[in-house]
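Participant: Throw the hints in and build the complete structure from the sequences for me.
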Amino acid sequence: MGRDPAGGGAGTREPGPLRLGTREFGPRERIILAIVNRTPDSFYRPGVTWDEGAALARVDEVVAEGADILDVGGVPAKPGQEVTAQEEIRRVVPFIAAVRAAHPDLVISVDTWRADVGRAACEAGANLLNDTWGGWDPALTDVAAEFGAGLVCSHAGGLPPRTRPFRLWYDDVVADVLDTVLGLAGRALRAGVDPARIIIDPAHDFGKNSWHSLEVTRRLSELTATGWPVLLSASHKDFVGETLGAGIEERLAGTLATTAVAAWLGARIFRAHNVAETRQALDMVAAIRGDLLPVRMVRGLA
Amino acid sequence: MITGVAIVPSPPLLARVLTGRSVVLPELREACSVAVGRLVATGADVVAVVGAGPQTAAWDPEGRLDVAAWGPLLAAGGRSKPGLPLALGIGAGLLDEAGYRGPRAAQAVDPGSSSADCVALGAWLAGIAPRVALLVVGDGSARCTPAAPGYFDERAEAFNASARASVRDGDMAALAALDAGLGAELMATGRAAWQVLAGAVLAGETGFAGEGGLSRPTPGDVLYADAPLGVFYLVAVLDL
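Which chain is which? The protein sequence lines are A and B, in order. Each residue of the first sequence is one higher than the last, beginning at 14 in our numbering. Each residue of the second sequence is one higher than the last, beginning at 20 in our numbering.
The hints are simulated quantities; they were obtained by calculation from the structure and are not laboratory data. A quick note: this is a predicted structure, and the numbers were derived from the prediction, not measured. The beta-carbon is built from N, C-alpha and C at its ideal position, and this holds for glycine as well. All clues stand as given, with none of them false.
Restraint-style ranges between C-beta atoms, simulated for each label pair:
#: 1; chain 1: B; residue 1: A139; chain 2: A; residue 2: V308; range: 40 to 50 Å
#: 2; chain 1: A; residue 1: I301; chain 2: B; residue 2: Y170; range: 22 to 32 Å
#: 3; chain 1: B; residue 1: P122; chain 2: A; residue 2: E74; range: 54 to 64 Å
#: 4; chain 1: A; residue 1: I301; chain 2: B; residue 2: R98; range: 15 to 25 Å
#: 5; chain 1: B; residue 1: P122; chain 2: A; residue 2: H116; range: 56 to 66 Å
#: 6; chain 1: A; residue 1: I301; chain 2: B; residue 2: P45; range: 24 to 34 Å
#: 7; chain 1: A; residue 1: F56; chain 2: B; residue 2: E116; range: 51 to 61 Å
#: 8; chain 1: B; residue 1: V36; chain 2: A; residue 2: A77; range: 23 to 33 Å
#: 9; chain 1: A; residue 1: I301; chain 2: B; residue 2: P149; range: 46 to 56 Å
#: 10; chain 1: A; residue 1: E263; chain 2: B; residue 2: V36; range: 36 to 46 Å
Facilitator: Set out below in structure tokens:
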């Protein structure tokens, strides 16, 4: 899955601006994709934004905390009760329309693998298709092209949506990730997706055991070296929990450590539950790298 | 002779780039700007910057502060080499900000110099041109509060107050009489430079005093005198 037999993968490129909706993000900016799930049963704090009022309030909150993009999902990644396309649309599309009305310039991403859902979301004002399941539905690429939307090209190890990895192995997981995400990016380019709107994502936990996710993190520079903007989606995931022996509510420090390492290695987009903490971690990395001026320096300078 | 004097402190944070996105102590910056602006407006032949340095020596008057020594990340714009000692570099930067393009001199003074040596250096400096404007860059005690770089020393307040009063009253003899040993204990890195000032002004008064020969105290205009970060900053102008 996720391979395009008709053509090759995208090559490397010079890092350039990422254009989403009305926004343009420079190569040295660190972008936060804030998660607002329209599900009753996502893995982290299930149902917290199931109520539409709560979800809209959460949007205001994450925007105030420094989120650049909102990532709206209607289907949990884990297996469970079927969510039809019709139900997924019912969960996310009116909400996207409401967010668009309240925040005209906020970039809105929809976390879906389905072209039908992506189309309805774009019609309601979404600007980015977060195709976490690695191009399972090739028509989603065409929706991105048709609407001038962005596209996240992910590596899910070829697994069907909502399935867990079962004894998956790779000769070289990073090579497989590169092959897949550049293949999807190439397919997107041929479909007419604007190259300034394409993102690549190794998709931690998806089609990977936790060793694979650590490896992808450790060698993230091999992804950033392609020049395509890299998305890190690590927040509270199982690889953090397994690495630290930490329960679902105990994974913030591990998430932020992963965030800092990925930022240091050049990731540009960070999918986050904890926006304020993530922004602070990213600003710290940016200041260490010399990409961001510190707020106020006085120590030893008086 | 000395035709104008400005006194400013030398915290690195006066180099605007070093404080990051915030302007720190804007009122101090403004006072320094006013003082240096008034100094350069006196139209002297040369502006002589005097401040603490590793040894008493003249430095390249075209030198500048190497901010990368304090903020290594800021080296991107290229480093100033050789960088001036802090006080001279801060003085040079203030002259730049004032738009001063005329002749300069940069004189470092060993902060451990005796008062007599400082006074003698001042007398010499007063004679380097017919009309010398003096930019005195130096700080009072760095032990003004428990949060100060040098922690708290109860003697700091009186020492700083004495320096301030001497400048305000134009009492250069009192400034020359500040205790060098106490100044060192109080981490008053500007004591030596202040006493160079005293020597420079006193030289003019004894050598060029009008008929009668009496010294005429020149009251100073104190624009800032405070220790918001535990280091005593004094900004003043003497109109001679």
